[in-house]
Amino acid sequence: MIRIENLHKRFGDVRAVDGVSFGAADGQVTGLLGPNGAGKTTTLRMLYTLMLPDEGQILVDGIDAVVDPQGARFAMGVLPDQSGLYPRLTAREHIEYFGELQGVTGADLRSRTDQLLTMLDMTAIADRRVAGFSHGERTKTALARAIVHNPKNVLLDEPTNGLDVMSTRAVREIIRRLKEEGHTVLFSSHVMQEVSALCDTIVVIARGRIVGSGSSDDLRLQTGQENLEDAFVALTGFEAAGMPS
Amino acid sequence: MIVVVRKELRDWSRDGRSIITVLISSLLAPGLIFFLFNNMAERQRSVEDVTIPVVGAANAPAFVDWLRQQAGVIVTEGPTDAEEAVRTRREDAIVVIPQDFVKNFSASKPAQIRLVADSSSQNSRPKVQRVRGLLQRYNAEIGSLRLIARGISPAVATAVQIEDIEVSSSQQRAAQILGFIPLFVMISAFTGAMAISTDSTAGERERGSFEALLVNPAPRIAIAAGKWLAGSLTGMLTVLITAGLLFAMFKQLPLQDLGIRFRLGTPELIRTLSVVLPLCPLIVAIQMYVATFAKSFKEAQSYLSFLMMAQMVPGMMATMNIMSTKAWMYYVPWIGQQTLLSDVLGNKPISPVVFLIVAVINLTVAVAVLRGTSGLLHREKIIFGR
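Residue numbers (our numbering), protein chains in the order written: chain A, 1 to 245; chain B, 1 to 386.
Hints listed in this document are in silico derivations from the structure and should not be mistaken for laboratory results. Just so you know, even glycine gets a beta-carbon here, dropped at the ideal spot from N, CA and C. Heads up, some of the hints might be wrong.
[Unchecked claim] Label pairs and their computed distance ranges (CB to CB): (1) B:27 to A:193: 55 to 63 Å; (2) A:103 to B:363: 24 to 32 Å; (3) B:368 to A:129: 34 to 42 Å; (4) A:128 to B:368: 36 to 44 Å; (5) A:12 to B:14: 37 to 45 Å; (6) B:32 to A:161: 46 to 54 Å.
Let the hints inform the model, and build the full structure from the sequences given.
As structure tokens, then:
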């Protein structure tokens, strides 16, 4: 469970995040929807403790992430904005390395790694070096290493960005599965269809502020628009819908 | 921490290019020294045993007999075209005796002997000098005999006596090259560790993998320490290889031909290693600290090459004897190792306490720098700045 209260972060004169509050419940998928530059990544970075907020509170399963970042990190699995891989290691070694860093070892680690590789349909490429991987294969590797320790809270920053249809489906499948298993899933996206297809709750963010939240029905009702895209446009105040990626 | 060490070492062991760099750099120094020494010894020997081709030996049998009696001299029949033979470098120096030699010699007139040589050829110079010296000695001997025959002391004919005091002997040149050994060993520590120091810091930034790595609950200091340990291990490995090769090579070198009384055995090897190995962790710590500021691998490498130059300055100065050894030098990292190593190779007695103190100082500074690096990993600009 994640709870964010009145989060602020500024870079120089730019208020990147300006009073953001929202929650993400267990067993639910929460989508952070917003155009590029809205403050999604900055919000997530503060949430996964690599950035210090200027103001505000972050609670991850009741742990204050600002006071005890170490403890909060134990409760999270993160696919960050920059998910670089080590070209000379294989997919399996990536997953095992992060597992060991999270404290998963021995037979547990091996079975969990195999499970993830099967789930993401990666068994054929598991022992190849990632240097030759496609974008989809890289993202799947990064996703697998992020959730190798079976974290209660899963944070994904634009997980399907730039993926082909097959990889997108694999990622969506994982998100559904995590939800069924009772995890808290929070992911950011600027793609409408993605969010509406997966999320129980949608949080719309623009210019560092929350401009709307609720289920997609709630949002339509709130804005009086027939479809989500129009609702999104109305909320963010942008002329063109479906911002360019 | 061990997890990080294992990953970095595995990553490194698959990086063919950096391993080849390490191998080449550790082979380079011993190879270079081996070549230089062999070359010098070769030249020294070739001067001592000189073969002199003589054209027209029949024109001055007495002179040729005298030549043959000199130690280390072998007289051979010279080629018909002496000048051509020297020009094409088939011979270094040829003595040509003209037909009128005996006539002038008997009449006590200056009898000509031609020495054909090529002064533009560096290699033949010592040999030509040797032959010229022999000729001059013959000249002096005969001249003295003639003066004595006429009842005059040969000393009268010697107005000035030149005494050669050679300061730059080949022994000294050899000693100079030996002085570079500490530098070579220490540079190998630097190059050996460089791959991991840059790849695990600037490399992580360039690939954008820092963010994912630091999201893990492992403390930053453990992550930094793991990378540091892995780097130190490769640095030490390189030092071991380089020093081992250097010492193995010294067993093969014809040092006695150069008249060098120089002993490099297992005790010297152990002392050298006990000086340089504790330096490796410090080098790696500094390299990592500097490389963490770099956004890319290339940027890091250019920073580090500056660092390497800076590190070489005191070594160079010590080698060229600009600085004399002072007590404080032992306790300054890098300079201390340099000074200690010269002492080890110069067979000066050193107390083991000094080794210990130097090692402790190095490790302390290394840990301090490592803490600094770990602190850098908290900076948002470092984590996210690409």
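These are the hints, each one checked on the structure:
In this structure the supplied range 55 to 63 Å holds for residue 27 (chain B) paired with residue 193 (chain A), their Cβ-Cβ distance being about 60 Å. Evaluation of the 24 to 32 Å hint for residue 103 (chain A) and residue 363 (chain B) yields a pass: the beta carbon distance comes to about 29 Å. Between residue 368 (chain B) and residue 129 (chain A), the C-beta spacing of about 37 Å keeps the proposed range 34 to 42 Å intact. The given range of 36 to 44 Å is respected by residue 128 (chain A) and residue 368 (chain B), whose C-beta atoms sit roughly 41 Å from each other.
Between residue 12 (chain A) and residue 14 (chain B), the C-beta spacing of about 42 Å keeps the proposed range 37 to 45 Å intact. The hint said 46 to 54 Å for the Cβ distance between residue 32 (chain B) and residue 161 (chain A), and at roughly 53 Å that hint holds.
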